[in-house]
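Chains as they are written, first to last, in this note's numbering: chain A, 2 to 121; chain S, 351 to 460.
In case anyone wonders, no lab produced these hints; they're calculated from the structure.
Don't be surprised by glycine CBs; every beta carbon is placed ideally from N, CA and C.
Keep in mind that a hint or two might mislead.
To give an idea of the interface, some chain A residues facing chain S are shown, with a C-beta separation under 8 Å as derived from the structure [what the hints assert, rightly or not]:
| id | residue |
| --- | --- |
| 1 | 77 |
| 2 | 110 |
| 3 | 111 |
Chain A stretches covered by chain S per the calculated footprint, using a threshold of three residues with CB under 8 Å from any CB of chain S [unchecked claim]:
| id | segment |
| --- | --- |
| 4 | 42-48 |
| 5 | 112-121 |
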Amino acid sequence: GAVVSQHPSRVICKSGTSVKIECRSLDFQATTMFWYRQFPKQSLMLMATSNEGSKATYEQGVEKDKFLINHASLTLSTLTVTSAHPEDSSFYICSARGTSGGKSSTDTQYFGPGTRLTVL
Amino acid sequence: GQNIDQPTEMTATEGAIVQINCTYQTSGFNGLFWYQQHAGEAPTFLSYNVLDGLEEKGRFSSFLSRSKGYSYLLLKELQMKDSASYLCAVSIYNTDKLIFGTGTRLQVFP
């Protein structure tokens, strides 16, 4: 199956600093990657859709200047949380779109292992 | 608007069968995914339904009725390791987006 990696898996930072999270598709090319945030005991909330070589599309209520997304290649997207605050502490998960076994009408999203961000 | 509902929690006994329901009301529908997520880990893909009917894959089956806006995930011969959250997600037509339901936390007891 398709493999997506994320780095780092855990990060603890001080309030006001910036944190960069990398998402890589290891064995396939992903023209589209997605960034989600998940608070404890809640479901995944889509933050933004990232297309290679173009600006990310952010969901309503997500600050684009705070959550900077770069999708510089077909295998790498990065999310930078700028000037992080304690309320940004969450589980950040990326996904990359691959093929779903011949069902051509849509593609399966494969998820990275997630990054646990704690802002002190 | 987008609305996807699942029961919050369910419990079942090892070896039993459990059905997790998902109802959706979305603006545009392409297909429905089921994912399994263990605590602190990323979701893993279980199944994908585009057409009405039942898709069977080992111990797991997924059903879809597009006219009713309804899906279920059926887990047979439950094992302790099946204790996890189960997320249904709707793929929105003409976009790349997946909209996730609230998730169902399943606890399997011996």
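Proximity test - 8 Å, beta-carbon atoms, the segment 112-121 of chain A to chain S, at least three hits: holds (count 5)
Can the hint on residue 77 of chain A be confirmed by a CB-to-CB distance to chain S that is less than 8 Å? violated, 17 Å
Answer holds if the nearest beta-carbon of chain S is closer than 8 Å to that of residue 111 of chain A; otherwise answer violated. Where the cut-off is 8 Å and the nearest Cβ of chain S is about 7 Å from residue 111 of chain A, the hint holds.
The hint names residue 110 of chain A as touching chain S; please verify it with the least Cβ-Cβ distance against 8 Å. At about 6 Å, which falls below the 8 Å cut-off, the nearest Cβ of chain S leaves the hint on residue 110 of chain A intact, so it holds.
Tell me whether the statement that chain S covers the segment 42-48 of chain A is true, taking a Cβ distance below 8 Å and needing three residues at minimum. holds (count 6)
When held up to the earlier numbered hints, the structure conflicts with hint 1 and nothing else.
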